[in-house]
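Sequences listed follow chains C and U, in order.
Oh and the first sequence: position 479 is 478 in numbering that gives the first Met the number 0, straight run, nothing missing.
Oh and the second sequence: position 81 is 80 in numbering that gives the first Met the number 0, straight run, nothing missing.
Read the hints as simulated data drawn from the structure, not as lab findings.
Some clues are possibly wrong.
Stretch-level coverage of chain U by chain C, calculated; a stretch enters the list once three of its residues show a Cβ under 8 Å from a Cβ in chain C [stated by the list, open to error]:
hint	stretch
1	61-69
2	77-88
3	107-116
Under the rule of at most 30 Å between Cα atoms (straight-line distance), these lysine-lysine pairs were calculated in the BS3-like manner [stated by the list, open to error]:
hint	chain 1	residue 1	chain 2	residue 2
4	C	K403	C	K414
5	U	K63	C	K344
6	U	K60	C	K355
7	U	K63	C	K293
8	U	K80	C	K310
9	C	K410	U	K65
10	C	K293	C	K138
11	C	K71	C	K141
12	C	K10	U	K61
13	C	K355	U	K65
14	C	K310	U	K65
15	C	K208	C	K293
16	U	K80	C	K22
17	C	K403	U	K61
18	C	K293	C	K414
19	C	K355	U	K63
20	U	K80	C	K293
21	C	K355	U	K80
Remember, predicted model here, so these are calculated numbers, not experimental data.
The C-beta atom is built at its ideal place from N, Cα and C for all residues, glycine as well.
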Amino acid sequence: MNVILPRGVSKERFAAATSAMRKVVGDHWVILDPNPLIAGYMDTYSAAPESSTAASAAVCPASVEEVQEVVKVANQHRIPIWSISTGKNFAYGGPAPRTAGQVVLDLRRMNRVIEVNTDLGYAIVEPGVGYVDFYNYMKRHKLPYWIDCAANGMGGVMGNTLDHGVGYTAYGDHLLMQCGMEVVLADGSLMRTGMGALPGGSPSWPLYKYGYGPYIDGLFTQSNFGVVTKIGLWLMPEPPAFRPFMVQLQNEDDLYQVTELLRPLKINMIIPNAAITVHLLWEASVWTTKHEWKTGSGALPPRTLRQIAEKFNLGMWNFYAALYGLPEVVEANWQIIESTFRSIKGAKIYREEDRKDDPSFNYRVRLMRGEPNLTEFSLMNWVGGGGHINFSPISPASGADAMKQFQMIRKACEKFGFDYIGEFVIGWREQHHILMLMFNRYDADESRRAHDCFAQLINDAAAEGYGEYRTNLHFMDQIAGTYGANDGALLRMQRHIKRALDPAGILAPGKNGIWPLGEPPETNS
Amino acid sequence: MMRRMLPALVTALALALPFAARASAAETGDAARGHQVFDTRCVFCHGEGLGHPAWQLLALKKGKDKAEIVGRQDLTPAYIKQVVRNGFIEMPPFRASEISNPDLDALTDYIVHPDAAPDAKP
């Protein structure tokens, strides 16, 4: 049987490296192709063939010291290693490496919540701490803080933060709430950022981000400059009052007005959390599947969308947000919310008690109070077959930009035969537009169309001045290319840093378009 | 492309291993531990009712009586382990680093013998 090897690495060199890694982590924790357990490192949701990102091996250290030793071995033998935390970054590649043959450095076993400080409201966690683990830890210890989780409750605290992920409480901008980082560099040395660089450690490490000199934590996010082994993060105190709500909008054009009305509420922090405006089908997937409404391919027509909205009491857009804080403050702000959104013709405002038996509203409420769940995976039932990739451009939080992106992306979806299933996640001043491109990955034609649709969308968005904030393995180079102002100055600088910090190019080659030798290998997918 | 053929292979495996051939509780682990694993790794998709995607899909495809996998009499331990480690269509695989082999034994035991676990479902 042919086994997968890293590109350009001989069987002998690979065997020597994996043998040395076994001595570090133990035989059991080096998983080599074709061991059946290597299947767990496949990207099972992308449109491209799984073989294009199949790992040659996985190495699972249990401590920082083991990570350091594994990195040294990789450096000595020139073996590319791709680090993951929980490996649940679905829609973006999951646990799989950028190219076939890279060795996955699986940090899931490093799953300790090292500290939660209830006076100062922070936690320090290892890479393998999942949202469910973290949530359960807080509950088990009866700590008066909430966590903030992504919609994929299986995801990990560190991995999501390092990939610039967002959640839905007032602490939803995860990287904004990150403070203090420990990193294993490519030579195996250990570094702490900010105040953590003081000898003997500093209690201010998870409290003050900037330390002294250049602020560098961001260099280790969406990059391949080091292996992050600890992060500090700030925790949101459990609020005395919490009022989630939904504004149901009857027309697709209402997207413009709701976004315009929302912006001042966000900038003034009346609405403190990551508010979201969600298209009908995203929510409908919790209730129904496409096959119940249409056979064959192609997007659902407007008449059917209306029928679905009516049957499940959903809007063409559904806006969700929440108020947090003292009851008196929440009540005062609620008056602003009601008067603001009632100005939209036909809008209906619901509170939690109005839709107790509504699983789509219920999971939004749970997310807005930091309670992990997986209801959003209902989307995978929409067409069946599990395939999904997320296209996620950033724009100003304006009605004009929201409508322009919605129309542009829906047009492309319909051209390639897909439903538009999208949402806008509104931060302080910008919005993440998330298209959930759903397809049957067991249908080769549909997978190809999904891949082509995504590739076109990148170009369409770039032509309008929109860039994506995060992406799937297979589109990292294309998107990196869209950030090409000044003759590619940004990527050029990133590659300079790469060569300085990782001259052998062993850490996650190709991550976000950063290749050790500058350009991607020709055979990359 | 191997994994895209998997659903058929998994189904064939399930049919090839009759329920009577499943491992005993002693061989497959501790149902109480399995209950914990289920509640931290599986329940979010395999809990009961809408809002749990796997329940939703199984209810559509196999009927509500088979939508909840805990206590189903037609699932063999070998089949459950195969699905957990390899994934199955919409379900992602779970690695040994996140569900260890002993935990997978216990999980399997809980799914096929839920009545043996404390706080077991009726």
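Cross-check of the supplied hints:
Interface restraint, the stretch 61-69 of chain U with chain C: violated (0 residues with C-beta to C-beta distance below 8 Å; minimum three). With 4 residues carrying a beta carbon less than 8 Å from a beta carbon of chain C, the stretch 77-88 of chain U meets the three-residue requirement, and the given coverage holds. Judged by the Cβ-Cβ criterion of 8 Å, the stretch 107-116 of chain U is not covered by chain C as claimed, because only 0 of its residues qualify and three are needed. Our distance criterion of 30 Å between C-alpha atoms is met by K403/C and K414/C, whose separation comes to about 17 Å.
Of the supplied pair hints, the one linking K63/U and K344/C is violated, its CA atoms being roughly 40 Å apart against a limit of 30 Å. A hinted pair counts as satisfied when its Cα atoms are at most 30 Å apart, and K60/U with K355/C qualifies at roughly 27 Å. Distance check on the hinted pair: K63/U and K293/C sit about 23 Å apart at the alpha-carbon level, within 30 Å; holds. Our distance criterion of 30 Å between C-alpha atoms is broken by K80/U and K310/C, whose separation comes to about 39 Å.
For the hint pairing K410/C with K65/U, the CA-to-CA distance comes to about 39 Å; that exceeds 30 Å, so the pair is violated. Distance restraint check for K293/C and K138/C: the Cα-Cα separation of roughly 44 Å exceeds the 30 Å cut-off, and the hinted pair is therefore not satisfied. Taking the CA atoms of K71/C and K141/C, the gap is about 41 Å. The hint is violated against a cut of 30 Å. Proximity of K10/C to K61/U is assessed by CA-CA distance (about 47 Å); at most 30 Å being required, the pair is judged violated.
Between K355/C and K65/U, the direct Cα distance comes to roughly 26 Å. Compliance with the 30 Å bound is thereby established for this hinted pair. Between K310/C and K65/U, the direct Cα distance comes to roughly 26 Å. Compliance with the 30 Å bound is thereby established for this hinted pair. With a CA separation close to 52 Å, the supplied pair K208/C and K293/C exceeds the 30 Å bound. The straight-line distance between the Cα atoms of K80/U and K22/C is roughly 28 Å, inside the 30 Å bound, and the hint therefore holds.
Under the criterion of a C-alpha separation no larger than 30 Å, the hint pairing K403/C with K61/U is inconsistent with the structure, at around 42 Å. Using a Cα cut-off of 30 Å, the hinted pair K293/C and K414/C holds, with the two alpha carbons roughly 17 Å apart. Proximity of K355/C to K63/U is assessed by CA-CA distance (about 22 Å); at most 30 Å being required, the pair is judged to hold. A threshold of 30 Å between alpha carbons decides the hint, and for K80/U with K293/C the separation of about 35 Å lies outside it, so the pair is violated.
A C-alpha spacing of about 36 Å is found between K355/C and K80/U, which places the hinted pair above 30 Å, so the restraint is violated.
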